[in-house]
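Now for the letters of each chain:
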Amino acid sequence: RKEVEQDPGPFNVPEGATVAFNCTYSNSASQSFFWYRQDCRKEPKLLMSVYSSGNEDGRFTAQLNRASQYISLLIRDSKLSDSATYLCVVNSGGYQKVTFGTGTKLQVIP
Amino acid sequence: GAVVSQHPSWVICKSGTSVKIECRSLDFQATTMFWYRQFPKQSLMLMATSNEGSKATYEQGVEKDKFLINHASLTLSTLTVTSAHPEDSSFYICSARDPFSGANVLTFGAGSRLTVL
Chain A
1 RKEVEQDPGP FNVPEGATVA FNCTYSNSAS QSFFWYRQDC RKEPKLLMSV
51 YSSGNEDGRF TAQLNRASQY ISLLIRDSKL SDSATYLCVV NSGGYQKVTF
101 GTGTKLQVIP
Chain B
1 GAVVSQHPSW VICKSGTSVK IECRSLDFQA TTMFWYRQFP KQSLMLMATS
51 NEGSKATYEQ GVEKDKFLIN HASLTLSTLT VTSAHPEDSS FYICSARDPF
101 SGANVLTFGA GSRLTVL
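Line by line, the protein sequences give chains A and B.
Each residue of the first sequence is one higher than the one before, starting from 1 at the first, in the numbering used here.
Each residue of the second sequence is one higher than the one before, starting from 1 at the first, in the numbering used here.
Hint data in this document are derived by calculation from the structure and do not stem from the laboratory.
Among the hints, a few may not be true.
Calculated cross-link-like contacts (lysine-lysine; reagent style DSS-like; alpha-carbon spacing at most 27 Å) [said to hold, decoys possible]: (1) A:Lys79 - A:Lys42; (2) B:Lys66 - B:Lys55; (3) B:Lys20 - B:Lys41; (4) B:Lys64 - A:Lys2; (5) B:Lys41 - A:Lys42; (6) B:Lys64 - A:Lys97; (7) A:Lys105 - B:Lys41; (8) B:Lys20 - A:Lys42; (9) A:Lys97 - B:Lys66; (10) A:Lys45 - A:Lys79.
Could you build the full structure based on these sequences and the hints that come with them?
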């Protein structure tokens with residue numbers, strides 16, 4: 001089993017739709033969690049950290065379920081500019097223990 | 001926020017030559033930087049941890065004699081791919097801890113796309 005697993009997609013959704021991605025992790029001792037966004041042929045950029053109580057940033061909502069060992073990302077009112085690959089990142093202790101998922105590709109269509 | 005500059009952004013070289021990639025922290029000091037490699041449709045894989053003033057720590061399966069890492073100052077780490085071969089063609093990205101953000105947040109360079117002919 002991979003340490004961090006994501007559905008690669010692609011998720012093709014119309015503008016204005018709501019879309020959600022999940023990411024499962026295998027190490028129950030994982031301490032911190034993030035969603036990064038990576039545009040084609042570009043570097044990953046932090047989208048948001050994921051807090052235990054869940055957190056929201058504008059149209060984006062992240063949640064953590066420790067019991068089932070997954071995190072989720074919800075995007076409301078999708079924009080064309082949201083088209084990208086969303087990377088789930090899990091930290092199990094120290095920067096050397098940062099593990100990236102393969103990413104979920106989102107394509108928002110007009 | 002923290003800015004990491006990576007150069008060159010792309011390079012094409014002949015098989016057997018060596019290529020150097022630079023990673024600089026522009027507005028902060030980074031005693032530790034990380035080098036990743038990403039093949040198409042795959043996740044970022046940590047290659048090595050670059051430590052200022054000491055030897056780099058390589059991940060299992062990464063040849064330290066092939067991927068030379070030098071971290072000579074608090075703002076510069078270099079990765080040299082020696083005797084490059086076509087299978088080394090990949091997207092190489094460096095990162096450092098973002099000192100202006102929360103714990104364990106990484107900021108990335110723009111990446112270097114290496115194509116070995």
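Structure-based check of each hint:
no. : hint               : in the structure
1   : A:Lys79 - A:Lys42  : holds (19 Å)
2   : B:Lys66 - B:Lys55  : holds (14 Å)
3   : B:Lys20 - B:Lys41  : holds (24 Å)
4   : B:Lys64 - A:Lys2   : holds (25 Å)
5   : B:Lys41 - A:Lys42  : holds (13 Å)
6   : B:Lys64 - A:Lys97  : holds (19 Å)
7   : A:Lys105 - B:Lys41 : holds (10 Å)
8   : B:Lys20 - A:Lys42  : holds (19 Å)
9   : A:Lys97 - B:Lys66  : holds (23 Å)
10  : A:Lys45 - A:Lys79  : holds (18 Å)
Every hint from the earlier list agrees with this structure, and none is contradicted.
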